[in-house]
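Put together the whole structure using the sequences plus the hints.
From first to last, the protein sequence lines are chains A and B.
Sequential numbering from 1 applies to the first sequence in our numbering.
Sequential numbering from 1 applies to the second sequence in our numbering.
No lab work stands behind these hints: they were computed from the structure.
This one's a predicted model, so the numbers in the text were calculated from it and none came from an experiment.
One should not assume that every hint holds.
[Claimed, not checked] No farther apart than 25 Å at their CA atoms in a straight line, the calculated lysine to aspartate or glutamate pairs in the DMTMM-like style are these:
{"#": "1", "chain 1": "B", "residue 1": "Lys190", "chain 2": "A", "residue 2": "Asp297"}
{"#": "2", "chain 1": "B", "residue 1": "Lys79", "chain 2": "A", "residue 2": "Glu315"}
{"#": "3", "chain 1": "A", "residue 1": "Lys255", "chain 2": "B", "residue 2": "Asp89"}
{"#": "4", "chain 1": "B", "residue 1": "Lys79", "chain 2": "A", "residue 2": "Glu307"}
{"#": "5", "chain 1": "A", "residue 1": "Lys42", "chain 2": "A", "residue 2": "Asp67"}
{"#": "6", "chain 1": "A", "residue 1": "Lys258", "chain 2": "B", "residue 2": "Asp83"}
[Said to hold, decoys possible] With the Cβ distance kept under 10 Å, some of the chain A side facing chain B (calculated, not the full set):
{"#": "7", "residue": "Phe163"}
{"#": "8", "residue": "Asp167"}
{"#": "9", "residue": "Ala168"}
{"#": "10", "residue": "Ala174"}
{"#": "11", "residue": "Ala186"}
{"#": "12", "residue": "Gly202"}
{"#": "13", "residue": "Ala206"}
{"#": "14", "residue": "Tyr221"}
{"#": "15", "residue": "Ile224"}
{"#": "16", "residue": "Leu233"}
{"#": "17", "residue": "Leu247"}
{"#": "18", "residue": "Asp253"}
{"#": "19", "residue": "Ala298"}
{"#": "20", "residue": "Leu301"}
{"#": "21", "residue": "Arg305"}
[Stated by the list, open to error] Over 10 Å on every C-beta distance to chain B, these chain A residues come out as not near it, computed from the model:
{"#": "22", "residue": "Phe4"}
{"#": "23", "residue": "Lys9"}
{"#": "24", "residue": "Arg45"}
{"#": "25", "residue": "Leu47"}
{"#": "26", "residue": "Arg89"}
{"#": "27", "residue": "Ala95"}
{"#": "28", "residue": "His107"}
{"#": "29", "residue": "Gln173"}
{"#": "30", "residue": "Glu252"}
{"#": "31", "residue": "Thr281"}
{"#": "32", "residue": "Pro292"}
{"#": "33", "residue": "Ala299"}
Even glycine gets a Cβ: it sits at the ideal position worked out from N, Cα and C.
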Amino acid sequence: MRHFLDFEKPIAELEGKIEELRRLSDPDGINIADEVARLTEKVDRQLNVTYARLTPWQKTQVARHPDRPKASDYFAALLADYTPLAGDRAYADDAAIIGGLGRFHGHSVVALGTEKGSDTDSRVAHNFGMARPEGYRKARRLIELAGRFGLPVLSFIDTAGAFPGIDAEARGQAEAIARSIEACLAAPVPFVATIIGEGGSGGAVALAAGDRVLMLEHAVYAVISPEGCASILWRDAAQASAAAEALRLTAEDLKRMKLVDAIISEPIGGAHRAPAQTIATVGQAIEEQLVPLLPLDAATLIARRREKFLEMGREAAA
Amino acid sequence: MSWLTEYVRPKIRTLLGRREIPDNLWVQCPACQQMIFSRELEKNLKVCPHCSHHMRATAAERLAWIFDESTATRIELPKVPADPLRFRDSKRYADRLREAREKTHLEDAILVAHGSIGGQRAVVAAMEFDFMAGSMGAAVGEGIVAAARLAVLQEAPLIVFTASGGARMQEGAVSLMQMPRTVIATRLVKEAGLPFITVLTDPTTGGVTASFAMLGDIQIAEPGALIGFAGARVIEQTVRETLPEGFQRAEYLHAHGVIDMVVPRPVLRDTLARLISLLRVREAA
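Pasting the structure below:
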């Protein structure tokens, strides 16, 4: 079943009509091609208009769309010989963070991602993309592995944030995140991070402190969820839309503030309408960012990465 | 807090521009409810003489307590763009900042000073919880980076007293980026072969815990301090379980191997002095 967001209602209705016409046309052979074409054009126009001026809150919903391509979809399409690796060598394997070895556009790489899952079973198995300490410790282990063998790291971020649980706290959630950020910053290899959906707070930064940080057009990256922010500052979670606005969490905002390096355009109607096309575009964008980093030595990479983060927020840009 | 503590203090603070407690005042311990003569409480470093409850302390008090007498010099911190998002909720962030500055007489939620501890050079950064819940925005991040650079310059250990509700929401992703920025600061200190010691005080949560606060070579916490990543309420709502007794308290973290020691305030300076001298064999030789 297809998921439509609230603001996509007019589009859903038009597409429903097209669907109906197609169904009707089959048995009696009435030529409805013209009508379908007309409606299809209308859908495209509507999508264009709607998606060209999504509000920050609407973008948040698009970023969380259940049909939006997930980290595992990117791995499947972009990595040849993908070989998953598991575990933090201390406690468990956390399926909220997936990662392993693979060949990206011919380069052997380490891929990492927060994985939300795509149906009820897999969402539960991946804990809805909310990692525990063992997930961040696995990430750190894989980043260190990449460093040892000179492999670039590609990370794909899509998480509401780190898992807020008793067990996670007991096993040092904060420390695990801090160490994962540290591992990103210390990686002696090129590191390209892409925010593909939700970039939720510390749990996202843990995998995103790279040389280049890319963001899909409708992805969001924020210090707190709009709902969380609204309930704290407005004392009303229903003010999420206002909070989303105030937080400046869109790709455009982040790029303007120089907190991310590039925005990757999404197909009309968002990544969930054309996952394969989106993934291919992301692959191209990563390749473009990765290639200039490949000849740089470890010291240069680390020094530049540090300089880039140290410069962030030093000049006013909003 | 009783009416006694709230009675004249706020007025006097603004008049004098610093925190001076008149000596005829009694304070009630929030833990055991006993009344304490305020002078005695000050002498006892804000630790209740009846139940040993560690009350929250200001950044200025931290600096005054930890350095050898009259050796501390506060440094001016680099300016950062205020209100990068032009954020406004029910109130403008610019106004909240102004009010916090008036209330605390600080520029932001951190103070940095250098001086000596037990005769040994040290740089200390102390966070101010009274300043917007010690939240970390660009100014706090810059303060940590500046403290790290100063430590490297002076070849001195860096000690950070944390007290924070986490990232400063009003600075959005700019505050989020203080996590990697402060992590870089810890690397600068460590790569110079210098000790980085964190003293986690009540409360230390969120993005501060999940960045520099958890990267100490040695991690100390004050008794009873609340230390964690996620807030208790969020956890309860997520897992729908009652939180265990003492959850996220210093002693709980110690039992779970997250911190090295829980150190009562009156012996903290001696502990830090000892740690520094034990770690700095190379310099002494």
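The hints, checked one at a time:
1. B:Lys190 - A:Asp297: Within the cut-off at roughly 22 Å; holds.
2. B:Lys79 - A:Glu315: Holds, because 10 Å separates the two Cα atoms, which is no more than 25 Å.
3. A:Lys255 - B:Asp89: With a Cα-Cα distance of about 23 Å, the restraint between Lys255 (chain A) and Asp89 (chain B) holds, given a limit of 25 Å.
4. B:Lys79 - A:Glu307: Within the cut-off at roughly 18 Å; holds.
5. A:Lys42 - A:Asp67: 23 Å, holds
6. A:Lys258 - B:Asp83: Holds: Lys258 (chain A) and Asp83 (chain B) sit about 16 Å apart, inside 25 Å.
7. Phe163: The hint holds - Phe163 (chain A) has a Cβ within 10 Å of chain B, the shortest such distance being about 8 Å.
8. Asp167: 9 Å, holds
9. Ala168: 7 Å, holds
10. Ala174: 4 Å, holds
11. Ala186: Holds. Min distance 7 Å.
12. Gly202: 4 Å, holds
13. Ala206: Because about 8 Å separates Ala206 (chain A) from the closest Cβ in chain B, which is inside the 10 Å limit, the hint holds.
14. Tyr221: 6 Å, holds
15. Ile224: 6 Å, holds
16. Leu233: 4 Å, holds
17. Leu247: With Cβ-Cβ at 5 Å, under 10 Å, it holds.
18. Asp253: 8 Å, holds
19. Ala298: 14 Å, violated
20. Leu301: Nearest chain B Cβ about 14 Å off; hint violated.
21. Arg305: 9 Å, holds
22. Phe4: 28 Å, holds
23. Lys9: About 29 Å separates Lys9 (chain A) from the closest Cβ of chain B, which puts it past 10 Å; holds.
24. Arg45: With a cut-off of 10 Å, Arg45 (chain A) remains clear of chain B, as the shortest Cβ separation is near 33 Å.
25. Leu47: 28 Å, holds
26. Arg89: The claim stands: Arg89 (chain A) keeps its Cβ more than 10 Å from every Cβ of chain B (closest is about 16 Å).
27. Ala95: 18 Å, holds
28. His107: 25 Å, holds
29. Gln173: 4 Å, violated
30. Glu252: 12 Å, holds
31. Thr281: 23 Å, holds
32. Pro292: 21 Å, holds
33. Ala299: Answer for Ala299 (chain A): holds, closest chain B Cβ roughly 12 Å.
Hint check: violations occur at hints 19, 20 and 29; the rest are consistent with the structure.
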